[in-house]
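Each protein sequence line maps, in turn, to chains A and B.
According to our numbering, the first sequence is numbered sequentially starting from 1.
According to our numbering, the second sequence is numbered sequentially starting from 1.
There's no promise every hint is true.
To give an idea of the interface, some chain A residues facing chain B are shown, with a C-beta separation under 7 Å as derived from the structure [to be verified]:
(1) ALA80
(2) SER99
(3) ASP115
Derived from the structure by calculation, the hints contain no laboratory data.
Glycine residues also receive a C-beta, built at the ideal position from the N, C-alpha and C atoms.
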Amino acid sequence: MGALNEGPLQLEVAGAGKRFGGVIALDGADLRLPRGVLGALIGPNGAGKSTLFDVVTGVTAPDSGRVRVAGEDVTGRGLAQIALAGVGRTFQAPRGFHSMSALANLMVVPSCRGDRLFTSLGRWGPARRRVRERAEAVLAKVGLEEHAETPYEKLSVGQMRLLEIGRHLMRDVSLLLLDEPTSGVVPSQQAQLGRLLGELCDRGMTILVVEHNLGFVMPLVSTVAVMDRGRVIRTGPPAEVQEDPAVIAAYLGVVEV
Amino acid sequence: MTYVISIVALASIFSLLTLALNLHFGLAGLVNFGIVAYFAIGAYVYAIVTQPAPGALDQYTVGLGWPGWAGVTVAIVAAVLFAAATGWPALRLRAEYLALATFAFAEVLNSLLLNVREIGNGTRGLSNVVPPFEKQLPAGDYELWFAIITLATLVLATLALTRLASSPFGANLRAIRDDELAAAALGKPVGRFRLEAFLAGAALAGLAGIFYASFTTLVAPDLYTADITFTAFIALVIGGVGSNAGAIVGAFALFGLEQAIKVVPLSEGASQLASSLRLIPFGIGLILMLRFRPQGLAGRWAH
Numbered sequence: 001m002g003a004l005n006e007g008p009l010q011l012e013v014a015g016a017g018k019r020f021g022g023v024i025a026l027d028g029a030d031l032r033l034p035r036g037v038l039g040a041l042i043g044p045n046g047a048g049k050s051t052l053f054d055v056v057t058g059v060t061a062p063d064s065g066r067v068r069v070a071g072e073d074v075t076g077r078g079l080a081q082i083a084l085a086g087v088g089r090t091f092q093a094p095r096g097f098h099s100m101s102a103l104a105n106l107m108v109v110p111s112c113r114g115d116r117l118f119t120s121l122g123r124w125g126p127a128r129r130r131v132r133e134r135a136e137a138v139l140a141k142v143g144l145e146e147h148a149e150t151p152y153e154k155l156s157v158g159q160m161r162l163l164e165i166g167r168h169l170m171r172d173v174s175l176l177l178l179d180e181p182t183s184g185v186v187p188s189q190q191a192q193l194g195r196l197l198g199e200l201c202d203r204g205m206t207i208l209v210v211e212h213n214l215g216f217v218m219p220l221v222s223t224v225a226v227m228d229r230g231r232v233i234r235t236g237p238p239a240e241v242q243e244d245p246a247v248i249a250a251y252l253g254v255v256e257v
Numbered sequence: 001m002t003y004v005i006s007i008v009a010l011a012s013i014f015s016l017l018t019l020a021l022n023l024h025f026g027l028a029g030l031v032n033f034g035i036v037a038y039f040a041i042g043a044y045v046y047a048i049v050t051q052p053a054p055g056a057l058d059q060y061t062v063g064l065g066w067p068g069w070a071g072v073t074v075a076i077v078a079a080v081l082f083a084a085a086t087g088w089p090a091l092r093l094r095a096e097y098l099a100l101a102t103f104a105f106a107e108v109l110n111s112l113l114l115n116v117r118e119i120g121n122g123t124r125g126l127s128n129v130v131p132p133f134e135k136q137l138p139a140g141d142y143e144l145w146f147a148i149i150t151l152a153t154l155v156l157a158t159l160a161l162t163r164l165a166s167s168p169f170g171a172n173l174r175a176i177r178d179d180e181l182a183a184a185a186l187g188k189p190v191g192r193f194r195l196e197a198f199l200a201g202a203a204l205a206g207l208a209g210i211f212y213a214s215f216t217t218l219v220a221p222d223l224y225t226a227d228i229t230f231t232a233f234i235a236l237v238i239g240g241v242g243s244n245a246g247a248i249v250g251a252f253a254l255f256g257l258e259q260a261i262k263v264v265p266l267s268e269g270a271s272q273l274a275s276s277l278r279l280i281p282f283g284i285g286l287i288l289m290l291r292f293r294p295q296g297l298a299g300r301w302a303h
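Full structure from sequences and hints, please.
In structure tokens, the structure reads:
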């Protein structure tokens with residue numbers, strides 16, 4: 001499929017297949033995302049978007065096909081290993097550390113003196129204070145500065161989503177995959193989220209957003225990939241993709257003749 | 001007086017074990033239904049390393065006769081090694097299967113101690129365990145000094161665990177306990193963190209076992225059954241899962257109550273009845289606790 005070819009690829013999925021029992025979730029999906037691009041992955045429910053995220057981030061291994069991040073083949077590696085290769089992701093249902101405050105959710109992210117058994121009794125105070133300052137800056141960046149001490153469970157779903165992005169900003173991430181980041185987020189925060197994603201992209205991060213809220217995502221992104229029945233059926237600039245008859249058919253559920 | 005002293009010593013020993021369980025279960029979320037195994041390894045290895053070579057009536061084969069400090073060191077190392085051997089496969093399992101696996105490990109160990117008489121005389125056990133510091137202490141006040149040393153060890157262990165729980169290491173354990181997938185998505189080596197917590201808790205359980213063997217001066221399979229595990233769990237739930245203070249409050253409340261029941265003067269028949277019914281108030285107490293104060297006496301509910 002017609003991929004954007006501007007410089008080196010940050011993410012390349014080639015012929016990814018994944019089957020759950022009798023259900024074919026991915027049926028040879030291809031995706032190519034150049035570095036520094038903000039892209040959207042759209043498609044009807046059950047098209048395989050979240051499974052594609054799972055396969056790219058190592059939540060599940062693909063049955064077939066390859067996944068490359070910045071040219072490095074990461075196929076079959078686990079979630080934590082792929083995360084360390086610079087991939088961050090959020091989940092459709094937001095996840096977080098529910099016994100901690102919003103700030104502590106961020107502070108736990110970086111490796112820090114005192115985070116091993118034998119250093120835990122030593123002097124980790126200064127290192128931890130530096131992490132705390134960074135966490136406060138990130139919290140402000142995602143617009144949650146007033147919620148530093150709010151317990152995770154008291155946050156709204158939208159705030160949890162913002163915090164989930166914030167956790168990945170606490171570490172070295174070059175590719176960020178966001179699964180429905182605006183669902184549950186109030187409009188004013190959506191605007192802030194859009195600005196944040198644009199700013200991250202300007203600084204060289206590659207971002208792929210699964211989103212049903214096309215009003216939010218279409219003006220924001222420079223490339224759109226459309227999935228249907230386990231394949232990427234179209235990739236291109238938003239304006240072109242939206243006019244594509246195959247895309248319209250997939251969304252309306254019209255059977256192609 | 002001696003009676004109170006021995007309750008303090010015993011409650012301190014079980015506080016150490018409950019603290020170990022809290023590190024596993026409360027902080028790291030590892031459901032260890034076989035914590036008695038690490039407690040038993042500490043006790044048995046200490047006894048084997050320090051006891052004299054077998055006599056004519058003994059069936060055990062190894063008695064090294066080493067000094068107490070060597071026994072303590074070897075016993076803790078053995079508890080850690082046993083934890084590494086059992087934890088390495090078991091920690092990959094989901095919580096409910098980890099509970100089953102650890103329970104099974106403890107039962108297998110108990111069965112070995114019972115049936116392989118070459119280890120520790122089978123059912124008869126090893127009597128005359130020599131406490132590590134018996135010779136250095138004034139003979140007349142031995143019980144008092146034993147209780148003081150046990151209590152001091154408890155204080156040190158509590159300080160260390162409190163520091164550990166508030167450290168970045170402790171925060172990582174809580175994060176993994178709260179949401180393993182979210183932690184892995186940040187690149188956290190979940191297995192390594194769990195193993196480190198598991199080994200540290202096992203070392204503490206082993207230390208508690210050494211104290212217990214020194215307290216009873218006897219190690220026998222009967223003393224290291226699943227009852228010990230359940231006692232620690234009950235103490236932890238009463239005190240507050242996830243709280244170090246809770247582990248201690250729970251252990252002292254449990255032993256204090258049990259001993260208090262024994263002190264009530266009763267006729268012979270009534271005391272037999274009381275002894276067989278004594279578990280009932282604990283059961284009722286546990287249910288009331290879970291219903292009305294799930295965070296425990298001293299804990300903030302951390303789940």
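Hints, verified against the model:
| no. | hint | verdict |
| --- | --- | --- |
| 1 | ALA80 | holds, 4 Å |
| 2 | SER99 | holds, 5 Å |
| 3 | ASP115 | holds, 4 Å |
Violated hints for the displayed structure: none, as all numbered hints are satisfied.
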